[in-house]
Amino acid sequence: MPLSLIQSLGRRGVSFFTALGRALLMLLHSLVGKPNFRRHFPIFVEQLYATGVQSVMIIIVSGLFIGMVLGLQGYNVLVQFKAEASLGPLVSLSILRELGPVVAALLFAGRAGSALTAEIGLMKATEQLSSLEMMAVDPLRRVISPRFWAGFVSLPLLTFMFSLVGIFGGKMVGVDWLGIDEGTFWTGTQAAVEFYQDIVQGMVKSVLFAFIVCWVALFNGYSCLPTAAGISRATTDTVVHSSLLVLGFDFVLTALMFN
Amino acid sequence: MIQPQDSLIRIENVTFSRGFRKIYDNVSMHIPRGRITAVLGPSGTGKTTLLRLIGGQLKPDSGDILYDGISVPSLSRSKLYELRRKMSMLFQSGALFTGMSVFDNVAFPLREHTELPEELIRTLVLMKLETVGLRGAASLMPSELSGGMARRAALARAVALDPELIMYDEPLTGQDPITMAVLLKLIKELNTTLGITSVVVSHDVSEVLSIADWVYLVSGGRVLAQGTPDQLREEKHPDVHQFVHGLPDGAVPFHYPAGSYLEDLRQCH
Numbered sequence: 000m001p002l003s004l005i006q007s008l009g010r011r012g013v014s015f016f017t018a019l020g021r022a023l024l025m026l027l028h029s030l031v032g033k034p035n036f037r038r039h040f041p042i043f044v045e046q047l048y049a050t051g052v053q054s055v056m057i058i059i060v061s062g063l064f065i066g067m068v069l070g071l072q073g074y075n076v077l078v079q080f081k082a083e084a085s086l087g088p089l090v091s092l093s094i095l096r097e098l099g100p101v102v103a104a105l106l107f108a109g110r111a112g113s114a115l116t117a118e119i120g121l122m123k124a125t126e127q128l129s130s131l132e133m134m135a136v137d138p139l140r141r142v143i144s145p146r147f148w149a150g151f152v153s154l155p156l157l158t159f160m161f162s163l164v165g166i167f168g169g170k171m172v173g174v175d176w177l178g179i180d181e182g183t184f185w186t187g188t189q190a191a192v193e194f195y196q197d198i199v200q201g202m203v204k205s206v207l208f209a210f211i212v213c214w215v216a217l218f219n220g221y222s223c224l225p226t227a228a229g230i231s232r233a234t235t236d237t238v239v240h241s242s243l244l245v246l247g248f249d250f251v252l253t254a255l256m257f258n
Numbered sequence: 000m001i002q003p004q005d006s007l008i009r010i011e012n013v014t015f016s017r018g019f020r021k022i023y024d025n026v027s028m029h030i031p032r033g034r035i036t037a038v039l040g041p042s043g044t045g046k047t048t049l050l051r052l053i054g055g056q057l058k059p060d061s062g063d064i065l066y067d068g069i070s071v072p073s074l075s076r077s078k079l080y081e082l083r084r085k086m087s088m089l090f091q092s093g094a095l096f097t098g099m100s101v102f103d104n105v106a107f108p109l110r111e112h113t114e115l116p117e118e119l120i121r122t123l124v125l126m127k128l129e130t131v132g133l134r135g136a137a138s139l140m141p142s143e144l145s146g147g148m149a150r151r152a153a154l155a156r157a158v159a160l161d162p163e164l165i166m167y168d169e170p171l172t173g174q175d176p177i178t179m180a181v182l183l184k185l186i187k188e189l190n191t192t193l194g195i196t197s198v199v200v201s202h203d204v205s206e207v208l209s210i211a212d213w214v215y216l217v218s219g220g221r222v223l224a225q226g227t228p229d230q231l232r233e234e235k236h237p238d239v240h241q242f243v244h245g246l247p248d249g250a251v252p253f254h255y256p257a258g259s260y261l262e263d264l265r266q267c268h
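Chains as they are written, first to last, in numbering that gives the first Met the number 0: chain S, 0 to 258; chain D, 0 to 268.
Chain D on its own, in the form it takes in the complex (with noise of 0.2 Å):
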């Protein structure tokens, strides 16, 4: 079990709601510092929004999320953009801004926030494209790009300033299987070699948990499990193993509620 003085993040019984719709009803979880956490769910479950709650872009309708120690939702507006210098979001479609070339796309960040001279701006955009393989494509615009190719620029632009922490969205959401393999890989690498903490949101199963350090499952506004990959692939829970050995039916049926079949066919006629 994760030790809560290890974690970057606390997220300490949160509630979140949209309208009348509860996403998130009273949720703890910890983020090891240093590892990669993967959040699973079926679509819709809020794992989207669990990352803008961390990112202080939402704010929790009660509970806190604490990161390093720090009350995010409390923090004022020039505080909170201060924090964000610290972390990091891939985007599910990457985000990237149109207008711009790669190039530009990934000096934006060390633009905005530093006052490097441009040779030294060049020097580690040039680096950062080179870790994502893709310094042959610095002058090309976003629309030159495959979506897999996006998103590895996006990666390259969410480390330009080398956060702490990086949240990917969906990272694996349509892609071929080498785009797939090369993302996983190149996630496994930043936290390795740059102790990256990494939360992976993702309904990619089996691609995650296999880097993944510590799961949690999320569903209907709860966690359901938490562990690592092998005590989650055990669990015996039938929400979690219908959800992790990708079963088409089981504790989630799959007809959407209805009333009775011949009911509905007879009223054609």
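Next up, chain S with everything else stripped away, as it sits in the complex (with noise of 0.2 Å):
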């Protein structure tokens, strides 16, 4: 028996590592080389919509609710410390620092990323990409490429969105329904919220969130098996592997960044 698990553990241990290996190389192969600009930005441009422009609207009202969520909690709360004067730092604080680039992660991995390894992965199994292979195409340069771009701008993008809605949304439930004074509300804001150490850091999050997205998209799409079962199964571990990997390293950057 613990011959058999120590087995077991080696055999996914060597797995995830050449796994990680082959997913770096895809990165390598995709993204080192010399650009052709006139070739890959209109791709670029037609991926920039379908991940990004295309999940706006979730993140705008994903982004309001959770705003406005804040805003009721938050002032439940605070009022019994008559501190309701601090609901602006509350929900404009914890929106930019964590809230906006995770959630907005987290729902970019469930509407682009799943999209993006659904994409790639029935590009394999009709056999499109050893098409392009054989035409001489390089597929990694050609449909990876521009989609992890496209993903990698869109995300601090979206997230932004996201913030700023948020902001709004804690706003208008604690200003204009529950009746919190609108100069208070901003004032507080203004004073509590630091360019750097809020909006900055909260940009750099989410641009690491972008790239992890992306870059399990794509591998998984990539790597996976090319059939029915082989594309449902990636695009599962698509969500479920950038959304754990995006809330671990979230910890480990806050731990960095506000310690």
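There are no misleading hints in this set.
Here are the simulated DSSO-like pairs of lysine-lysine, each with C-alpha atoms no more than 27 Å apart in a straight line:
#1 S/K33 to D/K85
#2 D/K58 to D/K78
#3 D/K85 to D/K187
#4 D/K58 to D/K85
#5 D/K78 to S/K33
#6 D/K58 to D/K21
Computed from the model, here is a short list of chain S residues facing chain D with C-beta under 8 Å:
#7 Q127
#8 M134
#9 A135
#10 V136
Source of the hints: derived by calculation from the structure; they are not laboratory data. Using N, Cα and C, we set each Cβ at its ideal position, and we do this for glycine too.
Since each chain comes alone in its own frame, lean on the hints to assemble the complex.
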């Protein structure tokens, strides 16, 4: 029994590091090299639309509701200590530092990451990637790289939108509904939020999350088994792995940044 | 017998395994230049694998594959992509890009590899589509094509850059008799008019033998027989005879290996 346990541990370890190596190689081959702007820029713009623009709605709606819930819960607690004037800082700091980058990345993994995996997986299953290779067109440069860059640019922008809308949602509940003074709300926010520590560091997080989500999504699609079951498995893996990685790295980054 | 110097591709003592399964065991083949070579064999003998080895998508465990004297497995990534411009492959599914029209699919290799102006690309694409009889279908999307039409469109795309070599992966599988005849005619015509070296991987024996100049029969990781179609039809080797004439039982048994039938039935009760 213990022998087979060690055996399976070893097997898992080897397959994990093999996959990591292959993922690194995939990233290296897709991103390093002479860029061909004339051919690849139109594909990049197309992908920016598919991954970025088409995710705007879900990001805005979620951001608004999360800001509103935060406003309501925050008010209920703060009002007991007559500290409702601190609602602005509470909402804006928690959104800018944590909820914005993390929730936007989770939504992005579910909305755009899974779509990327399914698309690449299906291209693999229908031999489109192989046929690109045989046409002497490198699928890593032609298919993977523009999608990676599009996602990498989209998520930080989406995070920015999420945070703005979220703070506005908090203001709607706190000020317009529950009657906190608008001046107090915004002055508190302005005093508490620092450009470098809160806004820039939040964006740094979302840049890292964008890297993680895109990498995981594209690698899962590129390396999936070219069958229906394989693609469905890869799509699930994308959402699960990238969500866990985002949450894990968020803790690490928070510990490094706000300690 | 074909002399090695006439060969465009020389496969020398190639061994290739997948996991623990040996797909090719010390196999040598020569693909003559400017001819149609058929590679026949039962399903699952790794005929497609052979094409992927020639295209450099897979590397053999040992042995060498020479394309016009250049060793394919030892090429660097960029040199391999350069070499692939001279070859082309027709995939079993056609592998058309689903997001593009037939016209754009055929124009794709031209746009990727040449700097030709759009009007010239249009002329070339229409010429290629006319060759396969699909000029009228240029604006259709791949989802609107029948299986046979998709394969013809893919063929037009495969010849867009006038390759030296076309590899056909099971071009006839699952086609109706008319489409089959059309595809056979196209493969033959492209070979005779443009002198394209063709490798046809298939198990539609009689159809492929009707157009091939040279035939290899592979099974169980080895070359069982080779020769002209007539030589193969008259071959006495029991495995070859059974496959070429499509007999249900013979050297390859009808039954998958199993224990005693009576014993199995008894266990049910």
